[in-house]
Amino acid sequence: MIDVQNVSKRFGAVRALDGVTFAAGDGRITGLLGPNGAGKSTCLRILSTVIKPDGGRVRVGDTDLAAAPLVARRLLGVLPHGSGLYPQLTARENVEYYGRLHGLPEPLLKQRAEALIARLDLGAIADRKAKGFSQGEKTKVALARALVHEPQHLLLDEPTSGLDVMATRHLREWLRELRAQGRCVLLSSHVMQEVEALVDDLVIIAGGRVTLSGTPAELAQRYPGRSLEEIFVAAVSGAEHATT
Amino acid sequence: MIRTILTVCRKEILETARDRRTLFSLLLGPLLGPLLFVTIINVAVSRNLSGLDQPLDLPIVGAERAPNLIAFLNARGLHPAVSDVKDVDDAAAAVGRGALDVAVVIDERYEKDFGTEHAARVTVIYDRSRSSAQSKIQRVHGTLEAYGQQIGALRLVANGVSPSLLRPLLVDDLDVSTPAGRSVLMLGVLTYFLLFATLTGGLHLAIDTTAGERERRSLEPLLTLPVTRASLLLGKMAATVCYMLVSLALTLAAFTVALKRVPLEQLGMSSSFDAATALATFGILCPFAPLGAALMTTVASFTKTYREAQTYLTFILLIPTLPLMFAALLNVEAELKLMWIPSLSQHLLITALIKAQPLNWAFVGISAASSLVLGVLLGWLAIRLYEREAILG
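Order-wise, the sequence lines are chains P and W.
Numbering-wise (the numbering used here), the first sequence opens with residue 1 and increments by one.
Numbering-wise (the numbering used here), the second sequence opens with residue 1001 and increments by one.
With the rest of the complex left out, here is chain P (with noise of 0.2 Å):
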């Protein structure tokens, strides 16, 4: 599980996060959510400790990211904004790149990656180079590079974004399955819809703090008589009200 304890960061005079306290837990799917510049990217990179925080702590699994980075990014993996593929290698290498970095060894690795190609569907432009890929392939074979090294959790950034109907619906079926086999999912978005049908826990963020969380039905029992459309926007606006 992640469990982030009153953590805080500041860009210059922006105070992109305020004393953000949430957990998510093993077997489910978290989902963070809070509109644009509400500090999800923010927190998801101090996750993936890709930038440090300056006051709180953060937990993956057993391990203190603070203390031993390079540990918790074994139990990590990260799905980021935009894919990121290298566009001059084919989605294999793609695969097997991440995997060599992991530190498996060769044979292990030519069989996660052969596995997750099958499994993702991936078969027929496993070995085309990543540049002509649409953004569902690149989300696809993404996913599998943040999964070569089996973590048990793993941090995706707006998943959904740029994903067509069909894509979107494959790639809530592969959280499930993640989810099935006890991982610990945490993704984030701005668009409730996208997230409602697909997530256990809501942790809803605007203005670097955490305005409301709980899962969908607590939100539903909490507010009778409103969608978790319209608790969102309330959450959220309340935030910015509070800011002002």
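Please keep in mind that the hints were generated in silico from the structure rather than gathered at the bench.
A few of these clues could be false.
Unchecked claim - Straight-line C-alpha distance at most 20 Å; calculated EDC-like pairs for lysine to aspartate or glutamate:
#1 P:Lys131 to W:Glu1215
#2 P:Lys129 to W:Glu1389
#3 P:Lys52 to P:Asp3
#4 P:Lys52 to P:Asp64
#5 P:Lys52 to W:Glu1387
#6 P:Lys110 to P:Asp127
#7 P:Lys52 to W:Asp1087
#8 P:Lys129 to W:Glu1215
#9 W:Lys1112 to W:Asp1087
#10 P:Lys52 to P:Asp18
#11 P:Lys129 to W:Glu1015
#12 W:Lys1355 to W:Glu1335
#13 P:Lys129 to P:Glu150
#14 P:Lys131 to W:Asp1019
#15 P:Lys131 to W:Glu1015
#16 W:Lys1355 to W:Glu1333
#17 W:Lys1304 to W:Glu1389
#18 W:Lys1086 to W:Asp1057
#19 W:Lys1112 to W:Glu1064
#20 W:Lys1086 to W:Glu1117
Predicted model only: the values in this text are computed from it and were never measured.
Knowing the structure of chain P, use the given hints to seat chain W on it.
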């Protein structure tokens, strides 16, 4: 750590090799440089040698006033030509607008003055800034002067005076420069081409390491992998160095072939640029590659986009040429303290190689060490910059 560096290095080499545009520009530099170089030298050679012994038509105003002088000029291949110039002003105008390279005007008082106490005036009109006319100007000047000296000597003899009385000093030129030594003037440009090719070979990868990866959004996921940023950067710089050395090797090979086709012997030079020299030159320039790679990577890490990085790095390409210009202006020779300056030290060592002088191994050692030490320092700086959060842009 070593495994990570090798993995990254291998992937960067493969990826760059697949990019046709990058590969094309990588090959173009090494081939274009020598081609340009050989063309320039060939043009220079043909210009310097053209017409040294061939008849030259020389517009002479007032040729009828000095039949003996004309005969002297004729005997030396300078034939009076028909032209419509009438006087000095006419000739100056014609030379000025480029209709004539050089013209001679024999003064109206020439006949009267010749043989009296007055010196007879002959005016040579030319444009010194016109490089294509230099050899003609010198030839006309030299021939006229020779005539004057001959007449002067004859007159002294006629008066019973030895002509050597007018020459208290006998200046004898004894040029001991070897033919290979003389070729250095032209081959001095060679180092510039070589340094340039070395740097351009790694340009793409140096930019791609930071600005390029950031632009393609592949930097952020890369930094989430369980490897240190230092090993990622070292792998990338290693790949950069590989491409720089390939570019250098190609350029040297092209030069070795091309210089065989240059008529350096006609200029009284000998080109000692054979395969062995090329190999030694490669060895001398090798330590410069890591320094160049670290420098370019460091500069590129400050930029936001590939294009911005390209702009800055174009200036960086000029830095190694500054010591070379300094060397050319001051005509410096290889000495110990200059071996501490990268690019200049390599230039001086390569110059010595081309002059076929024995290599000073202490110099070679210091040159390599200073380049490598500076390269390590800059590499360390590049790693520190890579570890900043601002690297994500």
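Against the structure, the hints come out as follows:
no.	hint	result
1	P:Lys131 to W:Glu1215	14 Å, holds
2	P:Lys129 to W:Glu1389	30 Å, violated
3	P:Lys52 to P:Asp3	15 Å, holds
4	P:Lys52 to P:Asp64	12 Å, holds
5	P:Lys52 to W:Glu1387	11 Å, holds
6	P:Lys110 to P:Asp127	13 Å, holds
7	P:Lys52 to W:Asp1087	86 Å, violated
8	P:Lys129 to W:Glu1215	18 Å, holds
9	W:Lys1112 to W:Asp1087	18 Å, holds
10	P:Lys52 to P:Asp18	14 Å, holds
11	P:Lys129 to W:Glu1015	10 Å, holds
12	W:Lys1355 to W:Glu1335	16 Å, holds
13	P:Lys129 to P:Glu150	24 Å, violated
14	P:Lys131 to W:Asp1019	11 Å, holds
15	P:Lys131 to W:Glu1015	12 Å, holds
16	W:Lys1355 to W:Glu1333	12 Å, holds
17	W:Lys1304 to W:Glu1389	13 Å, holds
18	W:Lys1086 to W:Asp1057	17 Å, holds
19	W:Lys1112 to W:Glu1064	13 Å, holds
20	W:Lys1086 to W:Glu1117	27 Å, violated
Hint compliance for this structure: hints 2, 7, 13 and 20 are not met, and every other hint is.
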